[in-house]
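The lines below spell out each chain.
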Amino acid sequence: MTKVTMTVNGKAVSAEAEGRTLLVNYLREGLGLTGTHVGCDTSQCGACVVHVNGKAVKSCTVFAADLEGAEVRTIEGMANADGSLSVIQQAFQDHHGLQCGFCTPGMVMSSAALLAENPKPSEAEVRHYLEGNICRCTGYHNIIKAVLAASGQDVPAVAAE
Amino acid sequence: MPKDTGIGASSKRREDVRFLTGKGLYTDDVSLHAQAHAVMVRSTVAHGRIVRIDTSAAAAMPGVLAVFTGEDFAAVGGNPAGWLINSRDGTPMREPKRPVLAHGKVRHVGDAYAAVIAETYQQAKDAAEQLAADTEIEELPAIVDMKAAVADAGNRVHDEIPDNLCFDWGWIEDNRAAVDAAMKAAPHVVTLELVNNRLVPNAMEPRASIGEYNPGTGDYKLTTTSQNPHLTRLLVAAFVMGIPENKLTVVAPDVGGGFGSKIYHYGEEALVLAAAKKLGRPVRWTAERTESFLSDAHGRDHVTKIELGCTKEGEILAIRTETLANVGAYLSNFSTATPTFLHGTLMAGPYKVPHVYVNVKAVFTNTAPVDAYRGAGRPEATYSLERVIDKMCRELNLDPFEVRRKNLLTPDQFPYTTPVGLVYDTGNYQATLDKAIELGNVAGFEKRAAESKARGKLRGMGLSTWIEACGIAPSHLVGVLGSRVGLYDAATVRVNATGNISVMTGAHSHGQGHETVFAQIVAERLGIPESSVEIVHGDTSKIPFGMGSYGSRSLAVCGSAMNKAVDKIIAKGKKIAAHMLEAAEEDISFADGKFSVAGTDKAKTFGEIAFSAYVPHNYPLETLEPGLEETAFYDPGNFTYPAGAYICEVEVDPDTGKVDVVAFTAADDFGNVMNPMIVEGQVHGGVGQGIGQALCENTSYDENGQLLTGSFMDYAMPRADDVPFYTVDHSCSTPCTHNPLGVKGCGEAGAIGTPPAVVNAVIDALHRGGMTHVTHIDMPVSPHRVWQAING
Ligand code: FES
Ligand code: FES
Numbered sequence: 007m008t009k010v011t012m013t014v015n016g017k018a019v020s021a022e023a024e025g026r027t028l029l030v031n032y033l034r035e036g037l038g039l040t041g042t043h044v045g046c047d048t049s050q051c052g053a054c055v056v057h058v059n060g061k062a063v064k065s066c067t068v069f070a071a072d073l074e075g076a077e078v079r080t081i082e083g084m085a086n087a088d089g090s091l092s093v094i095q096q097a098f099q100d101h102h103g104l105q106c107g108f109c110t111p112g113m114v115m116s117s118a119a120l121l122a123e124n125p126k127p128s129e130a131e132v133r134h135y136l137e138g139n140i141c142r143c144t145g146y147h148n149i150i151k152a153v154l155a156a157s158g159q160d161v162p163a164v165a166a167e
Numbered sequence: 010m011p012k013d014t015g016i017g018a019s020s021k022r023r024e025d026v027r028f029l030t031g032k033g034l035y036t037d038d039v040s041l042h043a044q045a046h047a048v049m050v051r052s053t054v055a056h057g058r059i060v061r062i063d064t065s066a067a068a069a070m071p072g073v074l075a076v077f078t079g080e081d082f083a084a085v086g087g088n089p090a091g092w093l094i095n096s097r098d099g100t101p102m103r104e105p106k107r108p109v110l111a112h113g114k115v116r117h118v119g120d121a122y123a124a125v126i127a128e129t130y131q132q133a134k135d136a137a138e139q140l141a142a143d144t145e146i147e148e149l150p151a152i153v154d155m156k157a158a159v160a161d162a163g164n165r166v167h168d169e170i171p172d173n174l175c176f177d178w179g180w181i182e183d184n185r186a187a188v189d190a191a192m193k194a195a196p197h198v199v200t201l202e203l204v205n206n207r208l209v210p211n212a213m214e215p216r217a218s219i220g221e222y223n224p225g226t227g228d229y230k231l232t233t234t235s236q237n238p239h240l241t242r243l244l245v246a247a248f249v250m251g252i253p254e255n256k257l258t259v260v261a262p263d264v265g266g267g268f269g270s271k272i273y274h275y276g277e278e279a280l281v282l283a284a285a286k287k288l289g290r291p292v293r294w295t296a297e298r299t300e301s302f303l304s305d306a307h308g309r310d311h312v313t314k315i316e317l318g319c320t321k322e323g324e325i326l327a328i329r330t331e332t333l334a335n336v337g338a339y340l341s342n343f344s345t346a347t348p349t350f351l352h353g354t355l356m357a358g359p360y361k362v363p364h365v366y367v368n369v370k371a372v373f374t375n376t377a378p379v380d381a382y383r384g385a386g387r388p389e390a391t392y393s394l395e396r397v398i399d400k401m402c403r404e405l406n407l408d409p410f411e412v413r414r415k416n417l418l419t420p421d422q423f424p425y426t427t428p429v430g431l432v433y434d435t436g437n438y439q440a441t442l443d444k445a446i447e448l449g450n451v452a453g454f455e456k457r458a459a460e461s462k463a464r465g466k467l468r469g470m471g472l473s474t475w476i477e478a479c480g481i482a483p484s485h486l487v488g489v490l491g492s493r494v495g496l497y498d499a500a501t502v503r504v505n506a507t508g509n510i511s512v513m514t515g516a517h518s519h520g521q522g523h524e525t526v527f528a529q530i531v532a533e534r535l536g537i538p539e540s541s542v543e544i545v546h547g548d549t550s551k552i553p554f555g556m557g558s559y560g561s562r563s564l565a566v567c568g569s570a571m572n573k574a575v576d577k578i579i580a581k582g583k584k585i586a587a588h589m590l591e592a593a594e595e596d597i598s599f600a601d602g603k604f605s606v607a608g609t610d611k612a613k614t615f616g617e618i619a620f621s622a623y624v625p626h627n628y629p630l631e632t633l634e635p636g637l638e639e640t641a642f643y644d645p646g647n648f649t650y651p652a653g654a655y656i657c658e659v660e661v662d663p664d665t666g667k668v669d670v671v672a673f674t675a676a677d678d679f680g681n682v683m684n685p686m687i688v689e690g691q692v693h694g695g696v697g698q699g700i701g702q703a704l705c706e707n708t709s710y711d712e713n714g715q716l717l718t719g720s721f722m723d724y725a726m727p728r729a730d731d732v733p734f735y736t737v738d739h740s741c742s743t744p745c746t747h748n749p750l751g752v753k754g755c756g757e758a759g760a761i762g763t764p765p766a767v768v769n770a771v772i773d774a775l776h777r778g779g780m781t782h783v784t785h786i787d788m789p790v791s792p793h794r795v796w797q798a799i800n801g
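Quick mapping for you: the protein sequence lines, in order, are chains A and B. With this note's numbering as the guide, the letters of the first sequence map in order to residues 7 to 167. With this note's numbering as the guide, the letters of the second sequence map in order to residues 10 to 801.
Quick caveat, the hints were computed from the structure, so don't treat them as lab data. What you are looking at is a predicted structure, and each value in this text was computed from that prediction instead of being measured. Keep in mind that a hint or two might mislead.
[Unchecked claim] Think about it this way: if two alpha-carbon atoms lie no more than 30 Å apart in a straight line, the pair counts; the simulated DSS-like pairs of lysine-lysine are:
{"no.": "1", "chain 1": "B", "residue 1": "K583", "chain 2": "A", "residue 2": "K17"}
{"no.": "2", "chain 1": "A", "residue 1": "K9", "chain 2": "A", "residue 2": "K61"}
{"no.": "3", "chain 1": "B", "residue 1": "K611", "chain 2": "B", "residue 2": "K12"}
{"no.": "4", "chain 1": "A", "residue 1": "K9", "chain 2": "B", "residue 2": "K551"}
{"no.": "5", "chain 1": "A", "residue 1": "K126", "chain 2": "B", "residue 2": "K314"}
{"no.": "6", "chain 1": "B", "residue 1": "K286", "chain 2": "B", "residue 2": "K256"}
{"no.": "7", "chain 1": "B", "residue 1": "K603", "chain 2": "B", "residue 2": "K21"}
{"no.": "8", "chain 1": "B", "residue 1": "K456", "chain 2": "B", "residue 2": "K314"}
{"no.": "9", "chain 1": "B", "residue 1": "K32", "chain 2": "A", "residue 2": "K61"}
{"no.": "10", "chain 1": "B", "residue 1": "K314", "chain 2": "B", "residue 2": "K287"}
{"no.": "11", "chain 1": "A", "residue 1": "K9", "chain 2": "B", "residue 2": "K603"}
[To be verified] Short derived list, chain A residues pointing at chain B, Cβ under 8 Å:
{"no.": "12", "residue": "M7"}
{"no.": "13", "residue": "T8"}
{"no.": "14", "residue": "T11"}
{"no.": "15", "residue": "T13"}
{"no.": "16", "residue": "V19"}
{"no.": "17", "residue": "S20"}
{"no.": "18", "residue": "L37"}
{"no.": "19", "residue": "T48"}
{"no.": "20", "residue": "F69"}
{"no.": "21", "residue": "L91"}
{"no.": "22", "residue": "V93"}
{"no.": "23", "residue": "L104"}
{"no.": "24", "residue": "G107"}
{"no.": "25", "residue": "F108"}
{"no.": "26", "residue": "E137"}
{"no.": "27", "residue": "S157"}
Every residue, glycine too, gets a C-beta built ideally from N, C-alpha and C.
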């Protein structure tokens, strides 16, 4: 066990980690940030996506010990400073882009990363980018709408209600 | 004008805020002081005799607190099947014991035969590996194929069941001869053999359970991923562990999807309770995804031969089916109802068919248990029926839209008693068909097909007109049919002294948005803001009773119970108001949140009445108890019958066999709609799962019973770029006639109506491309299968 220190959601934090401790376990068990979820054991589902140094990363694929000093952002750090929902979170609520909520943190983190890279993605680009995030509830329809809406595009024009 | 609050408004979901900010509380998020970790030891062979389990080395490993094997649970009860099905000859189904941990034999890959509890998860995992290495299992031949299973009396999943047959069920047996005669006399008979592919539900949250025990009081608590905590309590307490129900609290907090797979009680729930008692510490277990694949109840898995007798003009005269239904290695709680009463009773579809007979043989195999998965039995019935009708249209060169129209029941025929035992109360199937034709722009199809062709693609259009029986269920009826429980529900409406409200409902929300919708209904009825109503669910210590959420029952049954409790609140409020306003009770009316005296301007607000009920200074205490809280139990008078018409358009790449769903239209009748946004979301999700079943999802066991598709790398879940935007409509509404809200249920619709629409579209595309030799392709209609069919 060693102490690993990083910045999570703007705060310096440290917690114990073994060499084999994954970032997702460091966040969930070490820091009690349970918003990041584990949906699989093969790095396929995307429920665990967080941002590491500004990039979307599946937190089940990286060791915490390798991230000494990294900047990490999780779903708990996505709201506005006053606690209100950020544009992308609000779009997910407005467009009913979540049902059970289990895939949601990963979806929001992936979508935020997409919009940072590509502020006005097409429907096809959104679908393609979110290919690594599985949702069993929504049939994706409202997730795609939410992301397009968050990018400021006219949603009724692209998706039938 | 769409409403912005109350019944019929697309109120935004209040639960979203916690989910969007990482503040949901799923079972695995619960962390308890001094908790220990359980890891299950699972069979790696499909079928074997346990010769020896040497626990000594594992027990001595660092951090290990306890080891359990099947022996430890030999004296407690088994996890029972919820429905007793009788075979055609009147004998009851075969019902082998389903133990907490396998004992004597292991019966499928993933069958847990031991568990290790340790201080940390990693320690438990390491010791579980050791235990597996110290276990000797004599491998027996695996029984995987259903036809072989029933043919071979020597090779048995359960030693006491000679032909691996659970039951041989006929529905309705007395009709059999008449159906046979009608089939014989029919001018044309269409036959289709098909497979309804086995699916893994794969709710994104894996199953998890935490057991707690207080030695000072003898109280147990189980926190678990359940769609129905009361049912789980009943099963684990009364049937398995022998704990008095009042000594066990079951909490199902936020649950990350269920789709049926979290209805059932699983052995891990009993294990963590037993371990918590033994250790005096909380014991937790969370499935890895691989374990979910191996041990969650799977869905579907039918092999069916369907015959349809008709006139040359396409009038359906008779339907006869023979199905082998896989129940897997053990009977999961609903597994015997799913292929029978949720399947056979639907085999007339939305059509006027005089003669129907259904035969189902349920077969034990060395595979994971199979049970209800979104739709449960009804997708299987709908798929068989809508595929054979499509085949009829091709054989007789008839238009599939016109054939549906010719056979659909008409609105004047309700209530309609089907030949398979249901009474449809209301519907307008022509209206949904017309709506789908309009929204799907069927008139413009040829043009679109030409455009596809210009790009080298084959475009096809597929139709399904579906119906289901849900709102599960009238207790008397299901009792006659073999259910061992009632399927009513309960709710308490507690008006607090300051006028805000807590509703304790037996429904469980694991994605459906009950916290929002149920509050909309109460708010509308009582004339108060939605924000004044709180919905409490998922905790047996807080809720009077409930059978949970599945079978599209939450609103139709649990919502009706809640509505009934609101009636009682209003009735009591009128008594209080009559006293306060010095008027006769029958002169008091309640509207818009006010109790008023007819013909006067004298009135009391709901809040004033609530306050008076708790501060009864001016109150009829001699005749009326103080307080304002009412509980109601509601037993539905009938099933509900949502129905609809789905049109799918696909493009097939003739070179690769790849199928793309390019358009999908769903026109549904769900009766009254409480929150359109949520209803549409439910349809989207169901359609997505239906496309998944039709095109991608395949659960494959090899001949040794090894699951070849045991991870998301091998099992193709539908992803965002596998599906299009869907066009959904629910405007053709005929309200349910027997529940107070007029609701029918929408949760399963998409999963029921979609698969045949997709497959019919693929066949259509191939026929349009001249490949008329292709009469059927089994699901999933993968590129490989389509390519083979094209080139076969
Ligand atoms: S947990 Fe599934 S990808 Fe990380
Ligand atoms: S909302 Fe349930 S998995 Fe996406």
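Notebook entry, point to check: Does S20/A meet its interface restraint, that is, does its C-beta lie within less than 8 Å of any C-beta in chain B?
Noted result: violated, 19 Å
Check: Does F69/A pass the interface hint, meaning its C-beta sits closer than 8 Å to a C-beta of chain B?
Finding: With Cβ-Cβ at 14 Å, over 8 Å, it is violated.
Margin query: E137/A was flagged as interface toward chain B. Is the shortest Cβ-Cβ separation under 8 Å?
Written below: E137/A check passes; min Cβ-Cβ to chain B is 5 Å, inside 8 Å.
Item checked: Pair hint outcome, K9/A versus K603/B [Cα-Cα no greater than 30 Å] -> Distance ~62 Å between K9/A and K603/B Cα, so the pair is violated.
Check: Any CB of chain B closer than 8 Å to the CB of V93/A?
Finding: Check failed: Cβ of V93/A comes no nearer than 12 Å to chain B, outside 8 Å.
Check: Against chain B, with CB atoms and a cut of 8 Å, does the hint on V19/A hold up?
Finding: violated, 15 Å
Notebook entry, point to check: Quick one, are K32/B and K61/A close enough, alpha carbons at most 30 Å?
Noted result: Satisfied, since the Cα-Cα distance of roughly 23 Å is no more than 30 Å.
Next item on the list: Starting from K126/A, check that the Cα of K314/B is at most 30 Å away, please.
Entry: violated, 51 Å
Check: For the hint on L37/A, does the least C-beta distance to chain B fall short of 8 Å?
Finding: violated, 12 Å
Item checked: Interface hint outcome for T13/A [beta carbon to chain B under 8 Å] -> T13/A check fails; min Cβ-Cβ to chain B is 17 Å, beyond 8 Å.
Check: Between K9/A and K61/A, does the CA-CA distance stay at or below 30 Å?
Finding: Holds, because 24 Å separates the two Cα atoms, which is no more than 30 Å.
Next item on the list: Quickly compare the C-alpha distance for K603/B and K21/B to 30 Å and report which way the hint goes.
Entry: With a Cα-Cα distance of about 26 Å, the restraint between K603/B and K21/B holds, given a limit of 30 Å.
Violated hints, in rising order: 1, 4, 5, 8, 10, 11, 12, 13, 14, 15, 16, 17, 18, 20, 22 and 27; the structure is consistent with all others.
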